[in-house]
Each structure stands twice: as C-alpha cells, then as structure tokens.
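Protein chains in written order, with my numbering: chain H, 1 to 236; chain G, 1 to 611; chain E, 1 to 79; chain Y, 1 to 79.
Do not take every clue at face value.
Below are the DSBU-like pairs computed for lysine-lysine, each with C-alpha atoms no more than 30 Å apart in a straight line [said to hold, decoys possible]: (1) Y:K58 <-> E:K58; (2) G:K88 <-> Y:K11; (3) G:K88 <-> G:K68; (4) Y:K41 <-> E:K11; (5) Y:K58 <-> Y:K11; (6) Y:K58 <-> G:K34; (7) Y:K41 <-> E:K41; (8) Y:K41 <-> E:K58; (9) G:K68 <-> G:K34; (10) Y:K11 <-> E:K58; (11) G:K71 <-> G:K88; (12) E:K41 <-> Y:K11; (13) E:K58 <-> E:K41; (14) G:K163 <-> E:K58; (15) E:K11 <-> E:K58; (16) G:K88 <-> G:K34; (17) Y:K58 <-> E:K11; (18) G:K163 <-> Y:K11; (19) Y:K58 <-> Y:K41; (20) G:K360 <-> E:K58; (21) Y:K11 <-> Y:K41; (22) Y:K58 <-> E:K41; (23) E:K11 <-> E:K41.
Covered, in the sense of this in silico footprint (three residues per stretch, anywhere, with C-beta under 8 Å from a C-beta of chain E), are these stretches of chain Y [said to hold, decoys possible]: (24) 15-27; (25) 38-44; (26) 54-66.
By construction, these hints were calculated from the structure, which means they are not laboratory data. Note that beta-carbon positions come from the ideal geometry of N, C-alpha and C, so glycine has one too.
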Amino acid sequence: MTARIGVITFPGTLDDIDAARAVRSVDAEPVALWHADADLRGVDAVIVPGGFSYGDYLRAGAIARFAPVMTEVVRAARRGMPVLGICNGFQILCESGLLPGALVRNAGLHFVCRDQWLRVENNETVWTTRYDAGAEILVPLKNMEGRYVADPATLDELEGEGRVVFRYLVDGDASQRYLGIDSPNGALNHIAGIADARGRVVGLMPHPEHAIDALTGPSDDGLGMFLSVLDALVAA
Amino acid sequence: MTSTQPALGGRIDTVEHAAATPDHPQPYRELGLKDDEYARIRDILGRRPTDAELAMYSVMWSEHCSYKSSKAHLRYFGETTTDEMRAKMLAGIGENAGVVDIGDGWAVTFKVESHNHPSYVEPHQGAATGVGGIVRDILAMGARPLAVLDPLRFGPADAPDTKRVLPGVVAGIGGYGNCLGLPNIGGEVVFDPSYAGNPLVNALCVGAMRVEDLHLAHASGVGNKVMLFGARTGLDGIGGVSVLASETFAGDEAGGGRKKLPSVQVGDPFTEKVLIECCLELFRSGLVVGIQDLGGAGLSCATSELASAGEGGMRVELDRVPLRAEGMTPAEILSSESQERMCAVVRPDDVEAFLRVCAKWDVIAVEIGEVTDTGRLQVHWHGETVVDVPPRTVAHEGPVYERPVERPADQDALVADGPERLARPSTPGELRETLLRMVASPNLASRRWVTEQYDRYVRGNTVLAQPADSGMVRIDEETGRGVAVATDCNGRYVKLDPYQGAQLALAEAYRNVAVTGAVPLAVTNCLNFGSPEDPGVMWQFQQAVRGLADGCRELGIPVTGGNVSFYNQTGGTAILPTPVVGVLGVIDDVRRRVPAGIGAEAGETLLLLGD
Amino acid sequence: MARVVVDVMPKQEILDPQGQAVARALPRLGFDGVTSVRQGKHFELEVDDDVDDATLAKIAETFLANPVIEDWVVRRVDA
Amino acid sequence: MARVVVDVMPKQEILDPQGQAVARALPRLGFDGVTSVRQGKHFELEVDDDVDDATLAKIAETFLANPVIEDWVVRRVDA
Ligand SMILES: Nc1ncnc2c1ncn2[C@@H]1O[C@H](COP(=O)(O)OP(=O)(O)O)[C@@H](O)[C@H]1O
C-alpha cells in the first residue's frame with residue numbers, strides 16, 4: 001500500500017508533470033486533480049504545483065484560489081491533510097488564506113531562474129522530516145513574483161513559532177546587490193517557505209520537484225520533501 | 001460580443017459589385033503591390049479584386065509570406081538534398097516546420113523564425129509574439145512543443161537604444177516562454193553597430209510527436225468542417241490593410257474610416273498555453289484532419305494555404321468569426337494578425353467532440369466553413385460573396401523575382417583589409433590588458449543577465465541548457481532518448497565571405513551538437529539580410545544559401561526548413577548578413593551526454609583535436 | 001450601463017520596487033523634481049446599472065485587491 | 001509639493017489579456033453584471049511645485065506609457 005498524492009492542474013499550470021514525476025519517483029501514486037472538479041478523489045495529500053494559473057494576470061494565484069477544487073483543498077487542509085504549494089502553488093495557498101502573507105514582484109523586477117541554496121529551518125513539518133535541521137540544499141528557483149511579504153505581527157509569529165521552513169542562503173550572493181537586495185528577490189527575512197501552525201500545509205517558492213535527479217536538476221535535494229510526506233502517510 | 005454588421009456605414013465590396021465596377025480605383029500600391037502584380041490579380045480573376053481579395057493577395061504576395069525574392073535561391077536547398085539525406089525526413093521545406101525521424105517511433109520537428117521589425121517597434125510584445133508564432137508552427141505539425149532557443153542581435157551594448165530594446169526583448173521572450181511552460185535551452189546574444197536600428201530577434205522551437213501523429217496542413221475531404229479556435233479576432237497587426245477601410249469609405253458619414261492602427265500585436269501567453277493543451281488533446285482524440293496556425297496574414301493565410309494544399313476548395317462564412325472589435329470589415333478580418341488562433345479541418349461527425357474538448361479548455365471554437373469540391377476559396381459575409389479565388393494563386397503561386405545579384409564593388413577592399421595591420425600585444429603587460437579587454441567585452445561577457453530571466457527547468461526534461469554548447473532535452477523518459485539543438489552565426493565572417501561564413505555557422509552549430517554526444521540530423525535556418533533590392537545584398541544571400549546547402553551536402557544532413565527576413569537595415573545600411581543556422585541532433589540516451597567544461601576532477605588529461 | 005474605476009495601490013509600508021525604479025530613472029532621463037513615485041493598477045469596468053456599490057466594494061476587496069498588501073479605491077465615473 | 005496621478009491603459013483596439021482574465025473570472029466568483037474590464041497602470045507621483053504640466057505630459061508620454069500600445073491621462077490631485 002502506498003500513498004496517493006493529488007497534483008492539481010489549473011489552466012496555465014506548468015509544473016504538474018514534474019510534481020507527478022517527483023511523487024512517482026518516491027514510489028507514491030500521483031493522482032491528477034482538475035481545477036473545475038470539486039473532488040479530491042480520495043487522495044492522502046495534495047500538491048498545488050507551479051506555473052502561471054490563469055496567466056497570473058491579476059495577481060499570481062488570485063483567480064486560481066476560487067477554483068472548485070480549492071474549496072475542497074481548503075476544507076481538507078483544515079482537517080489536517082498534508083498540502084504542499086510550490087511557487088504558483090504557494091501563491092495560491094496564500095491567496096486562499098491557508099498560509100499568511102503574500103508574494104509580490106521580485107525586488108529586481110525581473111523573472112529569476114537560478115539554482116538556489118536554501119537552509120532547512122524546520123525539519124518537523126510533515127514535508128521536511130527527512131532533512132537534518134539546518135541542512136543546506138540546492139534547488140531551482142524560478143519566478144517573477146517570489147518576494148515574500150507579511151506585516152510585522154505575522155512575521156513575528158512565523159519566526160516565533162518556527163514556521164519559517166526554508167530560508168534563502170544569501171552569503172556571498174552579490175548578483176543582485178547593485179539593486180540593493182541581498183537575496184534573489186528581496187523576500188522579508190529571506191523567507192523562501194513557510195508552514196501553517198500544525199506543520200501540515202507548507203508553501204515555498206523554490207522547486208523541489210525540479211531537484212529529484214542530477215540529470216535534469218542541480219541536485220536531488222528536493223526528494224526529501226516527497227519522502228517526508230510519504231513517511232508520514234504510510235505511518236498513519 | 002458576436003460578429004457585428006459593418007458599422008462604417010459603407011457597403012461591402014462584393015464579388016458581384018467588383019464585377020460591375022471594373023474601373024473602381026483601388027489602393028493596391030499602398031498595400032505594397034506593384035502595377036504588374038495588380039494586373040496579374042485582375043488577370044487571374046477575370047475582373048478587379050474585391051477589397052477582401054485585394055487584402056488577401058497583398059498580404060500573401062508580400063515578401064514575408066511569398067518568399068518572392070528568395071524562392072529562386074532557396075530551390076538550391078532542394079536540389080542539393082540527396083535521397084540519402086532525405087531518408088529520415090518526414091516533412092521538409094514548405095511545411096509549417098520540418099520533421100525528422102529520430103528512431104523508436106519518435107519524430108521531432110523544429111524551426112527558427114524572425115520577429116525583427118516588430119521587436120524594434122515594441123520590444124517586449126514584438127519578441128513575445130515571435131515566440132508565440134513559432135510555437136504555433138510546431139504545434140500545427142501535431143507535435144508537443146518542448147523547448148525554445150533565442151538567437152538575438154543588438155546594437156552596441158552601451159547605445160541608449162539598446163537599453164530600450166534589449167531588456168524589452170528579453171522580458172518579452174521570457175514572459176511568453178516562461179508562461180507557456182517551455183524551457184529555454186539556448187540562444188545567442190551578439191552586439192554589433194549594424195544592428196543598432198534593426199535588432200534581430202529570432203526564435204527557435206523544437207517539438208516531438210509519435211511518427212503516426214504527424215499532422216500536415218491540408219484541407220481534404222469534401223464536407224469536412226473548418227473550425228476556427230483560440231482567441232477572438234481583433235484589429236491587431238492589420239497595418240496596411242486599414243487603408244482599404246479608409247479608401248472605400250472615405251467621405252461617407254462614418255467620417256473617413258479607420259484611424260491609423262498600431263501594427264503591433266499583444267501576446268496572451270496564457271491563452272496560447274491553453275490552446276496548446278487543447279490542440280494536443282484534439283490530436284490524441286483523433287479529431288483533426290488538417291490544421292494550420294494563424295500567423296502573419298491571419299485567416300488569409302490559413303484558409304488559402306489549407307485549401308491550396310488540400311484537394312478541393314473551401315467555403316468560409318466570415319461573419320461567424322468571433323470578433324473583439326466592432327465594425328470590422330471582411331478585409332480586416334481576413335488580414336488581422338490577432339495571436340493565439342488556430343484553424344482545423346474536422347470530419348462532420350467529430351465537430352461535437354471537437355467543441356467539447358475546446359469547451360473543457362475554455363477555448364472559443366466555431367465552425368466557420370467547410371471543404372468543397374469547387375476548387376475555389378469562397379468567403380461569404382452575411383450571405384454575400386466577398387472572395388471567390390483559386391486558392392493556389394493566393395498561397396502558392398505568387399510572384400517570383402529573379403533579383404539582380406552583384407558582388408559589391410568594395411568587397412575586395414574589405415577582404416584585403418586583414419588583421420595584419422593591427423598592433424599585436426608584445427609585452428606581458430599588453431597581453432594582460434588585451435585579455436582583460438576581451439573578457440570584459442559585451443560579446444564575450446557572461447550571458448547570465450539574460451539567461452537568468454528564462455525558465456530552463458520547466459517540464460523536468462532539460463538535460464543541458466546554459467552554460468552549454470547546445471541545449472538538450474529528454475523526449476522519452478523510459479529510454480532516455482533525446483535531442484540536442486544549437487544555433488550559431490558570426491555575421492562578420494559572413495560579411496567577409498558569405499559562402500564560407502554560412503558554412504562556418506553550420507560547422508559551429510554542428511560541432512556544438514556533436515560535442516554533447518548527440519548525432520546531428522537536420523538543419524534549420526533564419527536568413528536575416530538587408531534589402532533584396534540591393535544587388536550586393538542579394539549576392540550575400542545567394543552565396544550564403546549556396547554555402548549552407550553545399551555544407552549540408554558535405555555533412556550529409558538536410559535543411560528541413562527555415563525562414564527569410566529581408567529589409568533588415570537602418571536607412572540605406574544593411575545589417576551584417578546573418579544566416580542563423582540551427583542544427584538538431586539525436587542522442588539515444590541523454591544519460592550519456594557530455595557536459596561542457598573541463599577541470600571537474602583533478603588529473604584530467606587535456607587533448608586538442610583538429611588543427 | 002455605468003463606468004466604474006478601481007485603483008489598487010501597494011500599501012504604504014510595502015516596498016514598491018516598480019515605483020522606485022521609475023523614480024530613480026526619471027532624473028537620468030532629465031526629469032527633475034519628482035520626489036516619489038508609486039505604481040499600482042487601474043481597472044476600468046463597465047457594469048450593468050443594477051450592480052450596487054456594495055457589490056462593487058466586494059469585487060474590489062475580495063478579488064481586484066489583496067488586502068494583505070494593497071489598498072484600493074472604487075469610484076463611479078460618468079461615461 | 002503637488003500630487004499627480006497618471007493612468008495608463010492599453011489602447012482600445014489592443015488586446016488586453018489581463019482585463020479579459022478578470023472579466024472572465026468574475027461570473028465564476030458569483031459576480032454578474034460586469035460586462036467589460038480593462039486593466040492598466042496607476043501611478044502616483046509627488047512632484048515639486050515648479051514641475052509644469054508640459055513636463056508631466058512629457059514624462060507620461062515618453063516614459064510611463066508606451067504610445068505604440070497605450071493611452072494615458074495625467075491629472076493633478078489635491079493632496
Ligand atoms: N539569448 C539567449 N537565450 C538563451 N540562452 C542563451 C542566450 N544567449 C546565450 N545563451 C546561452 O548562454 C551560454 C553562453 O552563451 P555564449 O557566451 O554565447 O556561449 P558560446 O560562445 O559557447 O556559444 C550558452 O549555453 C548559450 O546557449
């Protein structure tokens with residue numbers, strides 16, 4: 001028996017096949033979920049993948065969060081189902097209120113695609129148990145609206161409760177310094193990913209599903225996320 | 001909004017009306033037609049053309065669509081392609097894009113196109129819609145687009161206008177390609193003063209399909225339906241044809257017709273992404289008999305080419321076309337270059353299923369006509385006939401010119417002016433300074449500022465992208481079969497010797513593919529030159545084509561397609577002749593690729609091959 | 001038929017790099033005296049006459065703007 | 001110090017994919033009666049009192065808007 005992990009496709013979703021491949025690569029079963037169906041098809045966990053749902057035209061994630069499938073995701077997440085939002089998926093989770101804060105245009109104003117070092121700040125979420133605390137991992141980052149912002153109270157809460165899951169490692173990264181930013185996008189506190197209070201809903205801008213095989217990615221450091229959730233689901 | 005009655009107040013120029021008013025003056029010169037070309041149209045039709053017909057002929061007989069100056073030379077590619085070279089070619093020059101068999105039942109299609117002039121006027125949208133256009137070409141072959149490359153040329157890096165053009169072009173290519181979910185796996189960035197008023201924005205797309213899924217653009221099967229799907233048709237890129245509206249309706253109460261319309265188009269990558277997925281599902285479900293993308297010349301091109309390549313004729317009810325603007329005339333609808341549209345030929349029994357797939361993807365689709373056995377392309381507008389032409393005369397039998405060719409008088413002086421007279425660094429200090437100058441020069445500096453704006457990871461099949469000699473994508477996850485693509489051209493070499501320069505471009509792209517471990521299989525090209533009316537430019541063009549074709553024969557790989565872009569010049573000065581060559585290779589298993597770079601491990605042995 | 005304009009702006013406390021980029025570029029282009037620029041979005045809607053103000057406010061708050069990061073103003077204009 | 005607003009909109013005949021996406025989404029969110037949406041940019045500038053209207057017009061035309069595809073309106077507002 002293995003876990004069934006749903007991967008949602010919205011119009012404009014791009015990294016759904018990558019997310020499904022990552023799920024398969026840890027021997028879990030990917031289940032395709034369609035934006036227009038208010039149906040999670042009995043899955044054990046859900047991935048909201050990257051891309052440009054509805055072109056990201058109004059704001060990244062703003063239109064997708066109203067899709068029928070998202071109503072079900074929100075409901076299931078409140079019951080404790082593990083949910084992972086990657087890039088556009090993270091934006092959608094923020095827009096739908098499952099995660100606090102928002103993602104806005106990169107401070108450098110350009111799309112940024114690069115291999116990015118991250119530090120795992122919290123290895124107790126259901127998506128990160130396979131990592132050592134403080135582990136440094138190399139994962140692709142690629143987005144236009146990746147700068148995490150939240151009001152000071154929310155930031156304090158996230159930091160205080162250890163809900164910052166991933167942080168950009170910016171030591172020695174001079175590439176954007178001419179813009180007055182010392183990170184790829186100007187995210188507050190260099191936040192790359194966060195979790196909900198129970199550590200079951202996680203959103204991050206970088207793409208672990210693009211780092212499952214050194215052939216097609218900079219590393220296989222992303223596999224840990226999919227293995228982590230599998231551990232939790234199989235143990236349950 | 002549905003189609004509306006003409007709001008300009010004037011009457012529509014029907015075939016009947018045209019026949020009855022032979023002396024009605026027509027603005028054919030403003031539309032770019034020469035006197036003899038216009039006479040030939042009258043000859044073909046046995047009457048004057050209607051406005052709509054004139055619009056169709058003028059766009060389809062333009063240099064861009066008809067290849068009238070280059071056709072005579074491009075034939076040389078066919079003449080030099082041997083049967084052996086043709087063995088793996090499933091579709092070649094003349095189709096939307098060339099297709100080669102790469103084994104294991106897979107076929108790959110690739111093509112490069114230019115969007116130079118629009119990208120100068122509006123860098124972001126011009127470049128974006130360039131990517132959109134080439135992707136639809138690949139899609140129209142029945143393939144899933146897999147990756148893009150973007151060979152670019154700009155004026156000097158520190159010229160003020162380059163600061164306008166370059167960031168816009170890069171943002172446009174990235175914005176469109178990233179949103180489509182196509183990894184960008186390579187390209188070029190070259191600076192030279194000759195491109196200052198005329199940047200080159202070329203875009204290459206590669207796609208793959210199972211061999212049996214190859215779709216060719218033709219409208220066959222009398223009674224089959226013609227479906228238009230994708231975006232609505234608006235006043236985009238109508239350009240010259242807007243003079244028709246003002247001519248025809250000048251002086252009436254509507255106030256003299258259209259104001260001058262912007263000739264740029266705005267891209268909608270989201271609509272294109274959905275259109276891609278929708279098309280692929282239509283192909284998978286076997287619902288498409290023939291398909292054609294709508295690019296330059298819009299519906300004029302799609303309907304006449306589909307009909308011309310089919311066996312019969314076609315009837316189109318133009319008033320069924322979903323419009324975005326009010327009061328559009330038939331001529332305008334036929335020549336609109338609104339992006340993100342496709343035209344398909346579908347069996348009557350499949351229309352319902354076709355519409356269902358489109359509805360699933362929220363893609364607007366309407367039946368606009370059907371395949372007939374009349375041998376004519378007939379277009380109706382609210383019950384009246386506005387076009388009645390033999391489709392071949394529009395699409396395939398346009399004018400062909402033998403332009404004068406002459407080696408420029410100053411070519412000898414140019415060639416004689418070699419590097420001998422340049423000072424050479426002779427001391428370590430001078431050597432150091434030369435090296436530093438070269439490393440810092442825009443043509444050799446890092447391309448990271450550009451490539452970082454392109455998604456190279458999406459779809460998870462990118463095996464090689466920058467920095468690499470060629471891009472490589474995996475096509476088959478089971479077997480690891482994949483393709484490598486590189487584009488190259490050094491315009492300075494081509495200027496010195498167009499024949500050898502083109503061969504050098506070919507050799508470089510060929511090598512860049514070979515060193516990754518892939519076997520080169522096919523060639524595409526984008527021939528960017530100055531004005532064909534300049535005999536010196538025509539000489540460059542002729543020499544480059546011959547050089548490229550002869551080189552291909554030598555290497556044993558065919559040219560499967562390409563694109564010609566003339567009139568690249570600022571004032572009277574042409575750009576460096578820039579025949580960008582793209583080479584595609586196949587690799588059985590991408591795990592055996594050879595990555596670029598040396599010094600990964602201590603103790604490596606360095607060997608220099610060749611001389 | 002009524003015309004409605006909705007302007008959506010980044011909140012004051014949120015960094016606005018687009019506006020800043022414009023402000024920084026202006027002096028380079030020879031335009032002096034612009035001390036601050038903020039950039040937001042401008043929507044023009046055509047709405048049926050029976051769409052009331054409460055509905056418009058709702059559209060702006062729940063959809064056109066993200067209250068976490070943006071402020072917005074809705075106004076009806078004469079056509 | 002004066003406040004100036006510049007609204008930049010895609011020209012009527014130019015495709016506005018952003019506005020279209022919003023317009024298409026509204027009925028799905030349960031908002032009916034919005035028949036058309038166009039989306040553009042909204043700039044708020046603080047300018048010194050000696051910046052005249054001609055300069056503002058120039059800034060809008062040459063920099064904030066792209067005249068090939070956009071229209072724009074400049075207005076001074078009371079702070
Ligand atoms: N416009 C571009 N788009 C995408 N990739 C590019 C572009 N320009 C250069 N590259 C990539 O950047 C890398 C370095 O480019 P370049 O310096 O031109 O290399 P080379 O001289 O080896 O061809 C190559 O992998 C090339 O494909």
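Cross-check of the supplied hints:
Of the supplied pair hints, the one linking Y:K58 and E:K58 is violated, its CA atoms being roughly 37 Å apart against a limit of 30 Å. Restraint check for G:K88 and Y:K11: the C-alpha separation of about 48 Å exceeds 30 Å, so the hint is violated. Proposed proximity of G:K88 and G:K68 is supported: the alpha carbons are some 29 Å apart, at most 30 Å. Our distance criterion of 30 Å between C-alpha atoms is met by Y:K41 and E:K11, whose separation comes to about 16 Å.
Proposed proximity of Y:K58 and Y:K11 is supported: the alpha carbons are some 18 Å apart, at most 30 Å. Of the pairs offered as hints, the one joining Y:K58 and G:K34 is violated, with about 41 Å between alpha carbons and a cut-off of 30 Å exceeded. Distance restraint check for Y:K41 and E:K41: the Cα-Cα separation of roughly 4 Å lies within the 30 Å cut-off, and the hinted pair is therefore satisfied. For the suggested pair Y:K41 and E:K58, the alpha carbons sit about 21 Å apart, so the restraint of at most 30 Å is met.
A hinted pair counts as satisfied when its Cα atoms are at most 30 Å apart, and G:K68 with G:K34 qualifies at roughly 13 Å. A hinted pair counts as satisfied when its Cα atoms are at most 30 Å apart, and Y:K11 with E:K58 qualifies at roughly 28 Å. A C-alpha spacing of about 24 Å is found between G:K71 and G:K88, which places the hinted pair at or below 30 Å, so the restraint holds. With a C-alpha separation of about 16 Å, the suggested pairing of E:K41 with Y:K11 holds against the 30 Å cut-off.
Restraint check for E:K58 and E:K41: the C-alpha separation of about 17 Å stays at or below 30 Å, so the hint holds. With a C-alpha separation of about 42 Å, the suggested pair G:K163 and E:K58 falls outside the 30 Å cut-off, and the hint is violated. The straight-line distance between the Cα atoms of E:K11 and E:K58 is roughly 19 Å, inside the 30 Å bound, and the hint therefore holds. For the given pair, G:K88 sits about 41 Å from G:K34 by alpha-carbon distance, which is inconsistent with the 30 Å threshold.
Under the criterion of a C-alpha separation no larger than 30 Å, the hint pairing Y:K58 with E:K11 is consistent with the structure, at around 28 Å. For the suggested pair G:K163 and Y:K11, the alpha carbons sit about 25 Å apart, so the restraint of at most 30 Å is met. The suggested pairing of Y:K58 with Y:K41 holds, with an alpha-carbon distance near 17 Å, which does not exceed 30 Å. Restraint check: the Cα-Cα separation between G:K360 and E:K58 comes to about 29 Å, which is no more than 30 Å; the hinted pair holds.
Straight-line distance between C-alpha atoms of Y:K11 and Y:K41 comes to about 12 Å, which keeps the hinted pair within the 30 Å bound. For the proposed pair Y:K58 and E:K41, the alpha carbon gap of about 21 Å is at most 30 Å, so the pair holds. Taking the CA atoms of E:K11 and E:K41, the gap is about 12 Å. The hint holds against a cut of 30 Å. Against chain E, the stretch 15-27 of chain Y contributes 4 residues with a C-beta closer than 8 Å to a partner C-beta. That satisfies the three-residue criterion, and the hint holds.
Coverage of the stretch 38-44 of chain Y by chain E holds. Counting CB-CB distances below 8 Å, 7 residues qualify, and the rule asks for three or more. Restraint check on the stretch 54-66 of chain Y versus chain E: 6 residues with Cβ-Cβ distances below 8 Å, three needed, restraint holds.
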